[in-house]
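Undergrad: Those sequence lines, one after another, are chains A and B.
Position one of the first sequence corresponds to residue 1 (the UniProt record's numbering), numbered consecutively onward.
Position one of the second sequence corresponds to residue 1 (the UniProt record's numbering), numbered consecutively onward.
It should be emphasised that the hints constitute simulated quantities derived from the structure, not laboratory data.
Predicted model, so just to flag it, every value in this text is computed and none were measured.
A few of these clues could be false.
Claimed, not checked - Using 30 Å as the maximum straight-line C-alpha spacing, the simulated BS3-like pairs for lysine-lysine come out as follows: (1) A:Lys286 <-> B:Lys102; (2) A:Lys124 <-> A:Lys274; (3) A:Lys124 <-> B:Lys102; (4) A:Lys24 <-> A:Lys52; (5) A:Lys286 <-> B:Lys93; (6) A:Lys185 <-> B:Lys102; (7) B:Lys117 <-> B:Lys102; (8) B:Lys93 <-> A:Lys310; (9) A:Lys2 <-> A:Lys46; (10) B:Lys102 <-> A:Lys310; (11) B:Lys30 <-> B:Lys93; (12) A:Lys80 <-> A:Lys42.
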Amino acid sequence: MKEKIKEIFLNSDHRFISGEELSKRLQISRTAIWKQIEGLRKEGYKFEAVRKKGYRLINNPDDIYPERIKQGLSTKWLGKDIVYRHVSESTQLEAHNLARQGVEHGTIIIANEQTNGRGRLGRKWYSEKGKGIFMSMILRPNFDYEQISLITLLTSIIIFDSLKNVYGITSKIKWPNDIYIDDRKCAGILSEIHGEQDQIHYLIIGIGINTHKTEYPVEIESKAISIEEKIDGSPNRVELITEILNNFELGYERFIELGFTAYFDQYNNLLYGKEKKVIVTNFNRKVIGLIEGVNQNGHLLIKKEDGSVKEVVSGVVEFI
Amino acid sequence: MFKIHELREIIRLIDKSNIHTFELEHEGSKITLKKQSPEKILTTVSPQPVQPTFSQEHATAIAQTEADIQQQHEQNSKPNKSEVENKNFHQIKSPMVGTFYKAPSPDSDPFVRVGDKINENTVVCIVEAMKLFNEIEAEVKGEIMEVLVEDGQLVEYGQPLFLVKVD
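Looking at chain A on its own, in the form it has when it is part of the complex (with noise of 0.2 Å):
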């Protein structure tokens, strides 16, 4: 019902809608429709009520709600359910509940704000209501676990292919999967693997996009870019996530037959900082040298001060 009702005013073109109406369209009680519109105001909507004239979704184009994101999708099975939060501690943790509950491969769930929004092994992803896109996919993927890591890889082609379509803006990736924009972080990626030996159960990969301009916290203030600041007027979330969320099926589907190969060359292609001189960190280990771009299987490769190459398969880079 709650649904339905939804649906109605999300389709209202910004109109009042009587209560009486609304009470005659679904066959239930005034009384019910005023739990409803209580129910669907504690989600997060937006209601103006007038007395005589009913009630009015108050719409701001940028409201990231699950139907007007389904509006733009073309996909088959990537947000046919799609879960909205206006609060979330962390969409990655709820995904993961969601994925243990058993929910669809392609289920999508995304947050207005988080208040302990994540990051990889424990940081923090500032995660401020409404300045961002903070979203986790829920994927059951058949693919054994040797490709599955390019994923990550892919995942971030597909933001860089997305920014530049909406927005005419050029960003490099940082190895692995971290979208720069002029030198500073714009988007960043942690993909998460729940499985056995040989059987993934699931994967949830996790998109967090700084969007609107905000004041960031100290710590990240220098390294942090939002796409407002790269762009004339302002972001519009909805129309961002549907590109991402068409892009990543149809790159998903590529990337099952043809492999990491077919976009091997667009990652070297826009790898941030080729050529510069980096120090990467992998718990106690160390390797300092040039980035030469990365090999096939996803490993960056750092050229050494003895003209030796180093496949690196995972650790923090940092340009020196």
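Since the structure of chain A is provided, determine the placement of chain B on it from the hints.
TA: Chain B only, in chain A's frame:
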């Protein structure tokens, strides 16, 4: 030409089957797999698969894999004391190449310690590559007898990570 993941898949399937000798010729490449005893498939991949038709990169990758297999073979063929003791323990192995993490974050307690009782769904560690974090489930019910790798160690595909005494 065969891709590494295809070879792995074949090995995996043969491993699970009762087949002792397996030969496959495809587009000029040939692979022969022989099992000396049903439990020892990983140690007996013949060097046949490397054919001149392989690209340099594949050849290197395979050489690398073979080196790993060789190493395992050596380990397996040298029965030392702990191996004899470990014979009946279940090994939880790494499903991929990556970094081993014993805890979800640097400040957290490890997922499991020696002596911990675990069940099939207990997450025992994370293996990470290219910022893909893989939470690995135990798959068996029992007790952790030994943690075979260090926090932060690079692990190979199929490398044993834990020994579990199965209930």
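Undergrad: For the pair supplied as a hint, B:Lys117 and B:Lys102, confirm whether the alpha-carbon distance does not exceed 30 Å.
TA: Roughly 16 Å between the alpha carbons, so the hint for B:Lys117 and B:Lys102 holds.
Undergrad: For a C-alpha distance cap of 30 Å, please report whether A:Lys185 and B:Lys102 respect it.
TA: holds (29 Å)
Undergrad: Does A:Lys42 sit within 30 Å of A:Lys80, going by the straight-line distance between their CA atoms?
TA: Distance of about 24 Å is within 30 Å: holds.
Undergrad: Taking 30 Å as the top limit, are the C-alpha atoms of A:Lys124 and A:Lys274 close enough?
TA: holds (28 Å)
Undergrad: Mind checking the alpha carbons of B:Lys93 and A:Lys310 for me, to see if they're no more than 30 Å apart?
TA: Distance ~25 Å between B:Lys93 and A:Lys310 Cα, so the pair holds.
Undergrad: Just to be careful, I want the Cα atoms of A:Lys286 and B:Lys102 compared with a cutoff of 30 Å; is the pair within it?
TA: holds (20 Å)
Undergrad: Can you confirm whether the C-alpha distance between A:Lys2 and A:Lys46 stays at or below 30 Å?
TA: Given that 30 Å is the threshold and the Cα spacing comes to 14 Å, the pair holds.
Undergrad: When you check the alpha-carbon spacing of A:Lys124 and B:Lys102, does it fall within 30 Å?
TA: holds (20 Å)
Undergrad: Verify the proposed pairing of B:Lys30 with B:Lys93, using a straight-line Cα cut of 30 Å.
TA: Holds, because 28 Å separates the two Cα atoms, which is no more than 30 Å.
Undergrad: Hinted pair, alpha-carbon criterion (30 Å max): B:Lys102, A:Lys310. Please report holds or violated.
TA: Measuring from Cα to Cα gives roughly 25 Å; hence the hint holds.
Undergrad: Below or equal to 30 Å on CA atoms is what counts here, so check A:Lys24 against A:Lys52.
TA: holds (16 Å)
Undergrad: Are A:Lys286 and B:Lys93 close enough, with their CA atoms no more than 30 Å apart?
TA: holds (26 Å)
Of the numbered hints listed earlier, not one is contradicted by the structure.
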